[in-house]
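Chains as they are written, first to last, in numbering that gives the first Met the number 0: chain D, 0 to 616; chain E, 0 to 356; chain A, 0 to 108; chain V, 0 to 337.
If you're looking for bench data, these hints aren't it; they were derived computationally from the structure.
Remember, predicted model here, so these are calculated numbers, not experimental data.
We put the CB at the ideal spot given by N, CA and C, even for glycine.
There's no promise every hint is true.
Stated by the list, open to error - Here are the computed distance ranges between Cβ atoms for each label pair: (1) GLN351(D) to LEU20(A): 24 to 34 angstroms; (2) PRO187(E) to ASN282(V): 45 to 55 angstroms; (3) THR172(D) to GLY21(A): 37 to 47 angstroms; (4) ASN282(V) to GLN351(D): 46 to 56 angstroms.
As the list claims (entries may be wrong) - No farther apart than 25 angstroms at their CA atoms in a straight line, the calculated lysine-lysine pairs in the PhoX-like style are these: (5) LYS252(E) to LYS17(A); (6) LYS5(E) to LYS150(E); (7) LYS280(E) to LYS17(A).
Spelled out from the first residue to the last, the chains are:
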Amino acid sequence: MNLHAVQIPFHPFVLPFTIGLIFLVFYIVGKWIYWVSQFSWEDKKKIIRGFFSLKTPQAIWEVFMESLLHRKVFRRNALLGYMHMSLAFGWFLLIVFGNLETRFFTHGRINPPYIPIFFEFFEHDLTSLDYGRFFTFTMDLLLLFVLSGVGLAYFKRFRSKPLGMKNTTKHSTIDRLALTALWLIFPLRLLAESVTAGLYDAGGFITNSIGTFMMTFLPIQHFYYPSWWAYSIALGAFFVFIPFTRYMHIPTEILLIFLRKYGIVEKAIHSTYTQVELSSCSRCGICIDACQLGSDLGIVSTQSTYLIKSIRYDQPTEKLIDSCMACTRCDQLCPVGIDIASIRANERKMIQLFQENSYKYINGYEYKKAKVAYFAGCMGHLTPSVYKATLALFKKAGVDYNFIDRDGSICCGRPLQLAGQEDAAKQLIEKNIKLIENCGATVLVTSCPICAKVFTDSYKLKIPIYHHSQYLLMLAKEKKLKFEKSDLQITYHDPCELGRGLGVYDEPRELLGMAGKLIESANSRENSLCCGGSLGITNISHEQRNTIASITLSELAADKADVVATACPLCKKTFKSASENVRIADISEIMLDAVQENANKIQSEFVQEKEIETIHN
Amino acid sequence: MKVEGKRKIWSDYQKDIAYDRFYYVRSCIRQTVWPGAENIYLRILREVLGKEVIESEHHTTCTGIGYHTEVVPFETLQTVVARNFALMQDAGFENYNPSCVTSFGIYTEILDTWHHFPEEKQKTRDYLKKATGREFEEPKNLAHTSDVIYKFRNEISEKSKYTLINKVTGEPLKVVDHIGCHYAKMFPAKGVGGAEYPHVLAGLVEAWGGEVIDYPERRHCCGFGFRQYLVQANRGYSISASKKKFESMESFKPDFILTNCPGCNFFMDRWQYALAEMEGKTYDENGNGIPVLTYEELAGLVLGFDPWVIGLQMHQVDVEPLLVKMGIDYDPNQKFKGINGKDLGLPESPNNLNFIK
Amino acid sequence: MVNFGYTTLPTHIHDMDKADLGLADSISFEDSSFNLCIACGSCTSTCTAGAFTNFSFRQMCHQIKRGENSQAIAESEKCMLCGKCTLACPRNVNTRNIIRLVRKANQTI
Amino acid sequence: MSKTVAIIGGGIAGLETSIQLEKLGYDVTLYEKDKALGGHAGKWDRLFPNRRHATEVIDSLTSRIKDKVQINLAATVNQIKRENGSFLVEANGKSQKADAIVLTTGFELFPANKKEEYGYGIFENVITSAELESMFSSNGKPLMTNGNNPAKVAFIHCVGSRDEKVNRPYCSKVCCVTAVKQAIEVKEAIPTSDVYCFYMDLRMFGPGYEDLYKEAQVKGVNFIRGRLSETSEMEGGRVLIKAEDTLSSKPLKMTVDMVVLMVGMSPLPSTEKLLKDLEITPNNDGFVQVKDYHLEPTHTEADGVFVAGACTGPNNITDSVNAAHTAALEVHKYLTSE
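Okay, chain D solo, but in the shape it has when bound (with noise of 0.2 angstroms):
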């Protein structure tokens, strides 16, 4: 072949591939300006401000680490990544050396895709070339380099274990199909380029010794042809695969990075966004791992990469909503960064059980007055122990507080957002948004996460909102109350909506670090587990809770700790009732305890628990 011919050359089986690629280009391309013609005027503005400003180098960088090296995916397991990042970014060199090696050889001459992607068929003998071995070496590296990938994705299907996985997700036909087409594409462009470079005496150290191995004992000049129209059909394939299967992730991905960058986020219902997310899941399973409700109780078909393919193609089941506890654990863990949490809320939207009016018989209630108001919230009030000594140490401080709700409150309208039921949420919030203004607090501390959330999230009050632990600390910090560090070892409990929740991590554990020693277990902060009692899903029985707090509580415990330090009342009740042999306290007895000068010393039920236990020996 003549590289200096102005006649560009071809060859039949070069179609497959070609009508592929062309058609996955002009549907990405048609798709993606779809996507941002869909989006609100409000959000265009943002992609358009957001485009010009630095926002997009920083996205471009986000790409790359992500989308081909998969930084994230390397986080969770090493060998995981490196078969992630062997396929993509190897793919990716593959195509940029192609390009420029055949730029190089055509003396920088505009080729038709085709050529870089099959230049060994129409230049057989690269090596007689000027560093034409440079090139055949790189690319055969490249190739290799793709192939352990792919090996490893071979050796994944079977067993996922030492990839850190110990579920892998359940693909649908046409997925298999697709991956069928991708897992051939590289050993087919191994064998076509072996055949090759063996009966021109070519290629680089691996096709060159594998196609002369191979003609020593096959007739290979029969394979020529068949191998180069397979591998073209292989890649050919894939592209039209693509937009049906899971692989629409590849391309969507990079769309949402920039998306992301520019500051688009998921709205109170599905949005165009949600659409982009939808496709940028490569069903890669980690969510499924991340998921108690799976390594727990072994239900392993409503996790999070199920719902979204569901969402994509066709109407989820009830069952597939409602499944999750709502602990947001495979949100923090998902590669692609996908806001799962916000489409599953979304989508428990849909079905509106209340009425409008539901809540209309609360009238004329009021919370006591108070400087300082202290909410026990509903199951607060389950749990006396807490309320006690959380205010037995406001006493010891000297704040002037107030129990506000100590004779009942209103639901705080979470319960009813974890569920779906907006609607109704939001009347139980403005009800109680007016209870609360009236009763003329500067300061609103619950000891309740789960109001603590909504308090946070939707309810815009003008006074400071804090979580028990948080006050305690700020009172510690101002010195109004002092501890008394002991022996103690004691392991925190980040309850979901404390942690993941409100991002409150580091409180709890100062002020527990100045009661004892404190011991981090394997999964904590935002890694932690949830204790079962999780109000965000209502379709698993008691049982089943138990098992669940059972497992995240012999974990918790696992390091020999004296006491599992929790911070929710919910938590407590649920480890409770799956344990006796576990000694469980909430934050504020633990620091009851630890007061100093506690000299009328209101036994807590922790140290209770202790003595009983000594009379009993």
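On the provided structure of chain D, position chains E, A and V as indicated by the hints.
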């Protein structure tokens, strides 16, 4: 249904019923509402069975309704009853035979009181003596008129002209019985067959070829209940009680209701009319209502007496459909003619209950 | 219809032959903990809504079991789904789920 | 040489078994972890249904024990080993041989603080039925922490019984009648007091129990059908309690001076260890599994190990005494058949 179980109970509750020489005492309600029934009872005893039966024009009410509505004191009641006993003694009879179930209950109650509290009897003797100068003795035998019919049910059967068999289908007629509360509920031993499974009417139906239907609300009160009925505002309670019975028997499609208490007969009959007018509902399929018969009327029909002589035209629920089923020959034109053939005039026609002119 | 100055009384009886137990059956199929109630009343006494109204979860369940569905559904609306009752129940009845099932029944009616 | 039987636990069942085995001519070693014999009954003031003093029963039992019974007080049995067809019982570091074992370890009272919302250990005047008994023993009447007579007392049935939230799904059987007995006693000790029983079902299964219930009604004890859901402390240490009055279908709240929690019977944790040694699995409720509930109620799965009393599940004194007789006889049959 375990019939042997019922027979066992029936055999436990067999009462002594006089054979002859009855001193008949009228019922306030029956003589007012169903005068033909009283008449036919006396005729059956005298003409068909050849019994000696007399009555006194001097006897009075037992004052049972007044007593049960707490208008008449117990002492007065006892004295009035004692006077009626004295009249029987004057006539030289010993077998007291009241036609009213309320009265039967009153007499039974008083005799039982005197048995347990002889001082009450003595007191009553004094009162009666003081008031009327009369002396009295307790009757030797106290039997309700339905008891008497029960006793002679087989004789009646032998002399009968008709049976309780549907002439068209050949099937036995389905009969629901209703026993007056005061017949045996207060003193089960004084009723034939006791209070739970009374046999006094069931025995007649069986003997004359019919089939007794054991419907769930069989023991339920007809709704008379004295105080509930007498005050208009309370009548809702009364009619609701009857309604409950009708609803309970409806699905069995009974051919007629058989009663032994004049009050019950009245309410079972009239409330069907009232319910039809108030709610548009009848408890048979054709809008006729379910005919309600007393035991004397039924005995009269079986023996071949003319329905209009028995006084069946006094019923609110027309009995003609039943007469057809039994194959009784009757003259529709005679329905509203008096004994002497004089036209009595047509009653007002109800809106919802079928009325056969 | 004629007015005689009195009326028949409404029946005050659970007629289980005529009762519509469809809702009860469907709830116990979806969540069998519905059947475990021992009528202790813990749920009602701890109920946040119960402090303001006559709402009684126990009674609501009982009404459904007797086929008084419309009353039960109307009652269920008062629930705030706060979940206190779930913690109080000695028989582990999945109370919040049952409320949701009852509310869903309301949607389909 | 006469044979030796080790009896673990010196409560009603342990004492009665000792007496019977001694009469049958055996040497008996009785282990009691407390400093006194009598078990829970020994700490009780008076017994249902006839309200005789518990000491009468305990004294009668202890007086019938003769010198062939070696009594070890404050002796916690740590281990039981099998050795050549007999047993080695180790208590307080000392091992003794036994040819047969009778487990009469009894129960523990349900730790009421596990039912946190009832406020035991948190609120001053929330006490258990056992604490009320000791108040009767020492003062002859209940007293609030401030020394006053309670004017209003609420008895809460089924605390740690029939409650899956605390893993005690079973009925403890004796608390109903105990509550009724104590309610009468409170009424008698403080005639002006108002006494309320919060129950779910009243299970009056024994002779004289229903009479006791009726007596309580006659004496003006109030019965409310509903289970306590939560408590709060009010001024002066009074306690606000909430329940549903299920018979009128309304929530009910009431401020009382004293709440008495009728704690149920729970399996004793230290028994579990012994069961492991003897390779006996506990039953679903955590008590000792007997070999045949109907026909061999004092046998266990393990050869030579017998059982009597409340370690097999909630029992009253009569049950325990009956079981003790049976167990003694079964031990005798076992030891003579060898």
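Do the hints match the structure? See the list:
Judged by the Cβ atoms, the range 24 to 34 angstroms given for GLN351(D) and LEU20(A) holds: they are separated by roughly 27 angstroms. Taking 45 to 55 angstroms as the suggested C-beta distance range, the pair PRO187(E) and ASN282(V) conforms, at roughly 51 angstroms. For the hinted restraint 37 to 47 angstroms between THR172(D) and GLY21(A), the CB-CB distance of approximately 38 angstroms keeps it satisfied. At roughly 48 angstroms, the beta-carbon separation of ASN282(V) and GLN351(D) lies within the given 46 to 56 angstroms, and the hint holds.
A distance of roughly 20 angstroms separates the Cα atoms of LYS252(E) and LYS17(A); the hinted pair therefore holds under the 25 angstroms criterion. Using a Cα cut-off of 25 angstroms, the hinted pair LYS5(E) and LYS150(E) holds, with the two alpha carbons roughly 19 angstroms apart. For the given pair, LYS280(E) sits about 19 angstroms from LYS17(A) by alpha-carbon distance, which is consistent with the 25 angstroms threshold.
Against the hints set out earlier in the document, no violation occurs for any number.
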